[in-house]
Amino acid sequence: MRARVFVTLKPSVFDPQGKTVTDALHTLGYAAVKDVRQGKYFELDIDTRRPDEARTLAVAAADKLLSNPVIESYRIEIVDEVTA
Amino acid sequence: MKFAVVVFPGSNCDHDAQYAAQHVLGQQAEYIWHKDTSLEGADVVILPGGFAHGDYLRTGAIARFSPIMAEVQKFADAGGPVLGICNGFQVLLEAGMLPGAMLRNRSVKFQCEHVLVKVEQTDTPFTTACRSGQVLRIPIAHGEGNYYAEPEVVARLEKNRQVVFRYTNAEGMPTDESNPNGSVANIAGLCNEQRNVVGLMPHPERACEMALGSADGLVLFESAVRSVVNGVGGHFSRTVAAR
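Chains as they are written, first to last, in the working numbering: chain R, 155 to 238; chain H, 251 to 493.
Bound conformation, chain H alone (with noise of 0.2 Å):
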């Protein structure tokens, strides 16, 4: 099976994420830049991290405009698994692809340390290899990662089971003292109506081999691998295998 990397000007995870898939996982994985147009035959987008065009006006707000972001919003609608690792998440909220937007860290710092975070729902082609529940150990890194969205939306978030990750301490307990930047209702990552789109803050790319002090993000990346060639996990994978 075949990952795509999509990189911005800026974008300064690709590497990281490329490395995952194809040098941990032994997959194929290809870099896409933005102004392609096409990703290639590939069964995995991922949008990595970094500062795609300088962060300049908002966060993802000019990445969105890519020409390849028309291809990924398609290929999103078409049941492929899109997953949005920092930047990536913040460039799918622009996009419109994921519901919220991001503000300011509420310390207004950016803030680069390994946190514990809760995987809520297996049932996403990034989840499908976790357990229920599984507090999983990777880092972040970012200024602006204090998810918000309005009280209703965040409700229905909540009612479409939408929260894929949640900030928590060991016991898995949504603390304040867990959540490292005031995201609203302790949301590291969700994902939409659909389930194929997923989009989160921290970075398992970096979370990948015991070197880098954490396998616990290879995870996400297995559970893309098994999605696509097992078949497992409901419709995105069917979808994806018949294109």
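The following block holds chain R by itself, in its conformation from the complex (with noise of 0.2 Å):
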């Protein structure tokens, strides 16, 4: 299975590199952008057949490594390499 992990920064933190493509997306003239928040990406190919075994797993490499509890949140999706 394949996990995707998006970590983002917590809504309540300021982001000054959001902050920063809002400002050039704004120079661009794309006026509409009102915010742009930054964050990572990450793909886990994991060794199983079993949605609930790659969740586990993508939830503890998220917890423990992937994000900051601090500063970040994190968003997991799940899905079968052979359809992906």
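To be clear, the hints were calculated from the coordinates, so they are not data collected in a lab.
Some clues are possibly wrong.
Part of the chain H face toward chain R, derived, beta carbon under 10 Å [unchecked claim]:
# : residue
1 : R308
2 : E344
3 : P349
4 : M352
5 : N355
6 : Y398
Yeah, the Cβ is synthetic: ideal placement off N, Cα and C, and Gly gets one too.
Please assemble the complex out of the two chains, which come individually in their own frames, going by the hints.
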């Protein structure tokens, strides 16, 4: 299975990089962009056929390493790499 | 007495810290490779600045898994004095040995300049030789030194007097102009509740001789020596001396 892990700064945490990207988009004329939050994306290829096992492992990886719970939160999608 | 300077792949202020301890202060200072599993009887441990493991993932995030960190944790738990400078501070945060986390500087730039920091607490092993309220001129060099913690964590830090260093102006006032990176409450450095683990973003080891433009940082190293050798400053020194 494949786990997609999206790590982003918590909504309460200021994102200086996202702010800079927002400003740059405004410079390009995309005034409709109100805000940008920058994050990280991980793909984990996991040696199992069971989605629940893959999710359990991905959650552990996100908690212990991929995210810093002080400033970041994460979202996980589990996909079958055969069909993905 | 003996300093241990931990060397991670990517550390680049290890020699500066070793120089400050050994050549300026005349103490023994040994390098300890991050894969080692012994601190070899050190009295003080320094986690130096740099870019440990290339700052991959997050600053300090990989370094905290280096084998030596288990020993550093044990040493700290036993009351041993540990100083994290810049990247070393980031490692202590990721390891959970100090509370909070680092964000990108609000300028989104790597900032390399001399700043002013006020010493607010003198009962840590790295500030016993300071005057309370003393303003030090020492350099910063970081892209991610924008200290963040939840408001209730910051309130607890203030209540427990864990904010050891704060960015201020020359009068010791923590103004927004004197805050180089956007750190919450102008926090430049802090200690744990036991007060033996201290982390700060500015580089005292780069300000330990007038030839470097400032010798204000030397007082942190002098404090460490005084704490260990003279037993000044509380339980930590006695604990270490008893080992």
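Status of each hint after checking the structure:
For R308 (chain H), the suggested interface contact is upheld, since its CB lies about 6 Å from the closest CB of chain R, less than 10 Å. Because the smallest distance between the Cβ of E344 (chain H) and any Cβ of chain R comes to about 7 Å, under 10 Å, the interface hint for this residue holds. Satisfaction of the interface hint for P349 (chain H) is found here, the shortest Cβ-Cβ separation to chain R being roughly 8 Å, below the 10 Å cut-off. A distance limit of 10 Å between C-beta atoms decides the matter here; for M352 (chain H) the minimum to chain R is near 8 Å, and the interface restraint holds.
Because the smallest distance between the Cβ of N355 (chain H) and any Cβ of chain R comes to about 7 Å, under 10 Å, the interface hint for this residue holds. Interface hint status for Y398 (chain H): upheld, as the beta-carbon distance to the closest one in chain R is roughly 6 Å, under 10 Å.
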